[in-house]
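Q: Chain residues, written in single-letter form:
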Amino acid sequence: MSDKIFYGVAASGGIEIGPAYLYHAQGLTASRRLLKPEEVKTELARYQEALAKTRAQIVELEGRAKEKLGEEHASIFGAHQILLDDPLFTEEVPQVISKEHMNAEFVLHEALEKFKTIMASLNDEYFRERGGDIRDVGNRVLRNLMGKGEKEQLKNLDREVILVANDLTPSDTVTLSTETIKAFCTDVGGKTSHVAIVARSLGLPAVVGMQNATVNIQDGDLLIVDGNKGLVLVNPQSHIIEQYRRLKDNYTAFQKSLEAFKTLPAVTPDGHRVTLAANIEIPQELDEMNRHGAEGIGLYRTEFLYMNREESPTEEEQFQAYKELAMKTGVNPAIIRTLDLGGDKFLSHLNESNEQNPFLGLRAIRLCLKRPDIFKVQLRAILRAAAHGPIKIMFPMISTLSEVMEAKAILQECADELKKEGQVFRAGVEVGVMIEIPSAAVIADILIQEVDFFSIGTNDLIQYSMAADRGNESVAYLYDPLNPAILRLIQMTVDAAHKAGKWVGMCGEMAGDPQFVPLLLGMGLDEFSASVSVIPEIKKIIRMMPYETAKKIAQAATKLKTSDEVFDVIRDNVPPELKTLLF
Amino acid sequence: MKITEKLLIVNKLGLHLRAAAELVKVANKFKSQTTIHHGIQNVNAKSLMGLMTLAAAKGTELEFECDGADAKEAMAALKELFEHRFGEKE
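Residue numbers (the numbering used here), protein chains in the order written: chain A, 196 to 778; chain B, 309 to 398.
Hints were generated in silico from the structure; no laboratory data involved. Among the hints, a few may not be true.
[Said to hold, decoys possible] 30 Å max Cα-Cα, derived DSSO-like pairs, lysine-lysine:
(1) B:Lys-320 <-> A:Lys-523
(2) A:Lys-518 <-> B:Lys-387
(3) B:Lys-366 <-> A:Lys-518
(4) B:Lys-337 <-> A:Lys-309
(5) A:Lys-311 <-> B:Lys-320
(6) B:Lys-337 <-> A:Lys-311
(7) B:Lys-339 <-> B:Lys-387
(8) A:Lys-614 <-> B:Lys-397
(9) A:Lys-603 <-> A:Lys-694
(10) B:Lys-397 <-> A:Lys-248
(11) A:Lys-571 <-> B:Lys-397
(12) B:Lys-320 <-> A:Lys-386
(13) B:Lys-320 <-> A:Lys-236
(14) B:Lys-339 <-> B:Lys-310
(15) B:Lys-397 <-> A:Lys-386
(16) B:Lys-387 <-> A:Lys-263
(17) A:Lys-263 <-> A:Lys-377
(18) B:Lys-366 <-> A:Lys-309
(19) A:Lys-386 <-> A:Lys-294
(20) B:Lys-366 <-> A:Lys-523
(21) B:Lys-397 <-> A:Lys-518
(22) A:Lys-263 <-> B:Lys-333
(23) A:Lys-571 <-> A:Lys-263
(24) A:Lys-615 <-> A:Lys-451
(25) A:Lys-309 <-> B:Lys-333
(26) A:Lys-261 <-> B:Lys-320
All chains should be modelled from the sequences, with the hints used to inform the complete structure.
A: Written out as structure tokens, the structure reads:
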């Protein structure tokens, strides 16, 4: 037995362990048959019959979807009915049958293939994914023509499985039985794809966008699907399975206790209060945030506004997005991070030069300061939205004081302009910077004089400090949050902020890793910002971890020489009930 | 009668599936043939599948051509639909 790990997009939280069930959507091929002239009429009637049957099936699915997934998800089948009215089905196919005397299956198959090619070539993810809807409807007509009927492969499974597929269509997700299907893994899809949305509403763990799940996984392989981290383990060793069984049990217990935690504050047993906020990547997560008991947003990424498009978003468009954010978070603060592009995330319309080393190149605040035309549009939109709720601004990738000064000057310029124009906006919005470059951590005491808060971005801080790309397997071992060098940088940042009477948060992955919470708490972090799905778990740990003990752990840890020693200190000093939960 | 007019997509989600379905419904109310020209693409406005291939995001301008006895009425209805963001809030 080998144990292999495959990564994808963490689309829906939870952990499942079980055998893989490889689902191949029925590949439909249609052979060509020339009709005798007298056959044309019956062929057309047969085709019309298939259309009628398809319509009846879609109407029925719509009803089932309403019951199973709710009104919102059922609306997709309303659209499928309109797709069925498409001239392609109602005019083009019958015309070709009559003119060319060819069988309906072949004509329809050809027409669908043509569309498939066009849809697959589209640049925009949303529209590309709609190719799946067209395929779903088209294949249904084809199956009816071929007399194959509804196979509903996913309905009548005799055992519990983890579904592995290239993609799942809306029809698949409605007909599948959650009695037997416990999790999804797919080759394609992102956080906003149909499968991801359905998985979240069904509460099934899902890892999507795995590229080669259907190639790397064989039918019957034992899988562990970790929908929280976005990874799938194939045929893991028995001790790993054991470990995950415990994780799964804990997670399940959590989900049950989630409701109880929702309204409780993130406070330690000895009364030390911290803020537990959410990292938001796409607007859809805003609704999940409240359900998981986050107190505001510690990191609102704005990149989604700039992705998949030819031009930068307008001020009005951004204003609407940020206003929605302000409305949804209510009294809780929402920290908007200004554009953090470059490096790994290229935008065709902003990518000015081909850089040899984009991670050390013109990205984030550097790009914004060079392109005030783009930067100002965003800042104006944020200032205007701030009139509707407690919005704060955070600049990413700061490495020097002058960058902070320059960014603040541009922000002031925007405020002056808005005032002159008589626009509604809020002056004096709180400004913070991300500490994610070692130089910024080292001069944290200087930077804090100019800002209201810090937020530590650990992913980049670790990569830049260790000069190691964690995506590079040969050096990934250097990506180590507990390395004393990293801990010192974090401690320096926290101390500098506190000395100036200001607060400091962390929005990197480290803040969302349960094992690190006791240490970070003890180091004096005021705000933990993590992805929505892990918030209840972090809250539970905080509520179990005495602050005095955490402080002792932190004091000991910052004097240690290796990360192994730090790890041991955490493990050996947390309360016993927390130890069983974390280690 | 043939009328041509450019219409701008102002709703947030662009000509996504639901919005496009609304467009098809409106176009189907009229006898006129309605064709959308966008770049090198020419698409039948009564075809939801065709509309999907436009992948038209917010801010896209599409040229509509209504051809038929009720072209004027058809164009007016389409214009209203676009201005009202296909009945969407934003």
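Q: Hints the structure violates: just list their numbers, smallest first.
A: The structure conflicts with hints 10, 13, 16, 19, 23, 24, although it agrees with all the remaining ones.
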